[in-house]
Amino acid sequence: MLHLHTLWFIVIAILWVGFFVLEGFDFGVGMLQMLVGRTEPERELVVSTIGPWWDGNEVWLIVAAAGMFAAFPLWYATMFSALYLAFLAVLVALMARGVALEFTTKSDDPAWRRRWRWALMGGSLLIPLLIGIGLGDLLHGLPVNSQHDYSGGLADLVTGYGLWTGTTLVALCLLHGITFIKLRTIGATRAGAQSLARAVGWSAIALVVGFVIWTRTLNGPDVPEPVQILALIAVVAAARLALTDHDGWAFAASGVAIAAVVGSLFIELYPNVMVSSTSGAFSLTVSNAASGGYALKVMTIVTAILFPVVLLYQGWSFHVFRERLTGSPSRPEPGPASAASSVSEA
Amino acid sequence: MNVDLARAQFALTSIYHFLFVPVSIGLAFLVALLHTAWYRTEKPEYERLTRFFGTLLLINVAVGVVTGLVQEFEFGMNWSAYSRFVGDVFGAPLAMEGLAAFFLESTFLGLWLFGWGRLPKRIHLACIWLVSIGTLLSAMFILAANSWMQHPVGYALNSHGQPELNNVLALFTNPTFLWGYVHVVFASLVTGSLVMLAVSAWYLKQQREVAIFSNAARLSVLVLLPAIVLQMFVGNQLGLIETKYQPMKIAAAEAQWKSCQPCSFSAFQIGGGKNDHTPTQLIEIPHLLSILATGSWNGAVEGLEPLQQEYERKYGPGEYVPNVFIQYWSMRVMAYLASVILLFALWGVWLVHKGSLARSKWFVRLGVWAVVTPFLMNTAGWLLTENGRQPWIVQGLMKTANANSPSVTQTDIWISLSVFVVVFLFLGAMDLVLMLRYARKGIGDQEPGDAGAAAVPAMSY
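Protein chains in written order, with this note's numbering: chain G, 1 to 346; chain U, 347 to 807.
Incorrect hints may appear among the rest.
[As the list claims (entries may be wrong)] Some chain G residues flagged as far from chain U (calculated, every beta-carbon gap over 12 Å):
| # | residue |
| --- | --- |
| 1 | L15 |
| 2 | M121 |
| 3 | W164 |
| 4 | T167 |
| 5 | S195 |
| 6 | W202 |
| 7 | S317 |
[Claimed, not checked] Facing chain G, from chain U, some residues (calculated, C-beta under 10 Å):
| # | residue |
| --- | --- |
| 8 | V409 |
| 9 | L415 |
| 10 | F448 |
| 11 | T453 |
| 12 | W643 |
Derived from the structure by calculation, the hints contain no laboratory data.
Where a beta carbon is used, it is the ideal one built from N, C-alpha and C, also for glycine.
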């Protein structure tokens, strides 16, 4: 029978995968806004493609962290204190990005807008990069002592494998952002996104190939797991489809590519949750890092009830705003709706 | 000392976070009321008010959410020993908060903001109510977690001496939680209505949009009065609970070093610092402390000195008295300001009754400035609660001094503390500038150009 701590490892993995699949295109849009949109109204349009959702997507990260705290307190404690400065930077990036998304359009001052656009871009780049480094480090191993405390310095956090993983995730977010913008817009904006697809697509393919090879050499045996083959197929498909008019399929493919790469990290990790490079005996595992049986049982029941409901209404919100957007800044909005669009540019 | 720095950081980030939280909870509820009024009456002024205060809510939520992220990460970053020790119990309400509240709040806020003219009216209205429910649920779970630190229940110690959850319902029937949660909800309503009143009063003072903002001012006053009355009652009940489970907290709040029966309440005192056992207490009101702390005319209140001896017998040598100065004055800031706001709210309701609120020069003038008080009361309330628990991080189970992250260096904490100070000052300034600019800009007369790229649906895919 499936042990509860294994089930919770799967739940945590799903939360991280969900975070990258959903927030991944938000990061992509944030990084690409100034490249796809040349003028300020175009940029505003590009960012408005994620308007209704980015906040809900970000919650996946919060729940992933809180879920780790509840189900694997030792994992949460060691990982977050080990990656202290990295998470500090993630927090600053999250703050800059979140506030930029709300504040940019609240003033017409060009300098104000330019600064917040840069904040959005920087934040959207840093978050997947740093979290990618962190997730890669879990598998690569960090100096963790017998007390499950981190014993390394700042430099030990920047492992080659972590860096590669982070860069791969950034490239995949870019690709995911391109397919998302294509899906949500028409005309020049859509074409602008597509014009970046070739370069981004090839980079993503190269990085994912490297990621699979590196993961294999790190963790052995040499034969790729099915999920890694899926990642390779999906990234190639996404890169190719991004050049066509099959916008829906391209977006699905880039989503699968991200899911497969993040999912593969967790599959490789199991049954460890955090590898100690000091000694294998000090590694945190699903069993030695988990909460007690009762707490896990309670969390399982609560999640089984709430999570499907969350998926339903989040899915519904994607359905409600399914239309493509087009910019027509010169067109005055009728009546009170002018207030609406300034409100709605959130 | 690392633990002191980590404490300073937690105090800073959580106090800062809680400047925004009650505004979000309170305003979300009030905006939902305005939206309901519009739905019912179809009067355009209610739509304009809904949109106007909806935007203020949004600017505020943005900062509330990002500062909340800091809290979520901070337990693991700065308090890894604590997280390891209590994760089994404390983590559950946090995870439930994310699942039950954050998803609800954020998804339906997006739906509400972008749903104007796109969702059926009834469903659109339901969205803002779900946002409001989300904010209330979020506070519920986090208060359940915090109350467990004040008065741990529903657990048993395992073979390693660590608490393991064995009754999740106990977390939510914890008396500290029940009264504490309601206390926070009313604090949020007081805050939200005073924010709405301040903005409305500002317009009334300028004689701008008088008809519309008289409505908003009336609504805020009518919410404020019951909220502050119930708040004072609930605060008193919470005090009784705390006297029972955390006698140090209340004894320190009254600088009551010796046991007393009956006990008088001092309105002010001079001195009363950490080692000043004989402060000069002014304006003593007989029996009042007995009533406040025990609910009876002649109730006995145990003093700090006997409590200290009792704790030493129970937990071994150590300092068990929290900082008395902070306790004494945070209690008074809270209670005195609440009394002032109660009088102010009574005055407001009387003016509403006479139909002359908008014309009362002094009420309107004070209404703008009254907005400062809820933030002082909220901060004082948390100082009282959290400082009063010291030296414990979990009452009776773990001391704060043993709870921080062993692997995090002093330099690390200095860096993060400085970064947070800079970022928070910057965020606060931006938030204030935007809120003020937006509030002053006027209601419903935004330029079409301000809307920027009016994103309109083109076609379905």
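Outcome of the hint check:
1. Its beta-carbon lying about 9 Å from the closest one in chain U, L15 (chain G) breaks the requirement of being farther than 12 Å from that chain.
2. Consistency note on M121 (chain G): stated as away from chain U, and its beta-carbon is indeed over 12 Å from all of that chain's, at 17 Å minimum.
3. The beta carbon of W164 (chain G) is kept farther than 12 Å from every beta carbon of chain U, the shortest such distance being approximately 24 Å.
4. Non-interface status of T167 (chain G) relative to chain U is upheld: no Cβ of that chain comes within 12 Å, the nearest being about 23 Å off.
5. With 12 Å as the threshold on Cβ separation, the claim that S195 (chain G) sits away from chain U holds: the shortest Cβ distance comes to roughly 20 Å.
6. In this structure W202 (chain G) is separated from chain U by more than 12 Å, as the shortest Cβ-Cβ distance comes to about 26 Å.
7. Not every C-beta of chain U lies more than 12 Å from that of S317 (chain G), the closest at about 5 Å, which undercuts listing it as non-interface.
8. At about 7 Å, the closest approach between the beta carbon of V409 (chain U) and any beta carbon in chain G falls short of 10 Å, and the interface hint on this residue holds.
9. Here the hint on L415 (chain U) is kept, as its CB sits about 5 Å from the closest CB of chain G, short of 10 Å.
10. This hint holds: F448 (chain U) has a C-beta 5 Å from the nearest C-beta of chain G, less than the 10 Å allowed.
11. Taking 10 Å as the C-beta cut-off, the interface hint given for T453 (chain U) holds, the closest approach to chain G being about 4 Å.
12. The interface hint given for W643 (chain U) is violated, since its Cβ lies 44 Å from the closest Cβ of chain G, which is over the 10 Å cut-off.
The structure is inconsistent with the numbered hints 1, 7, 12, although it conforms to all the rest.
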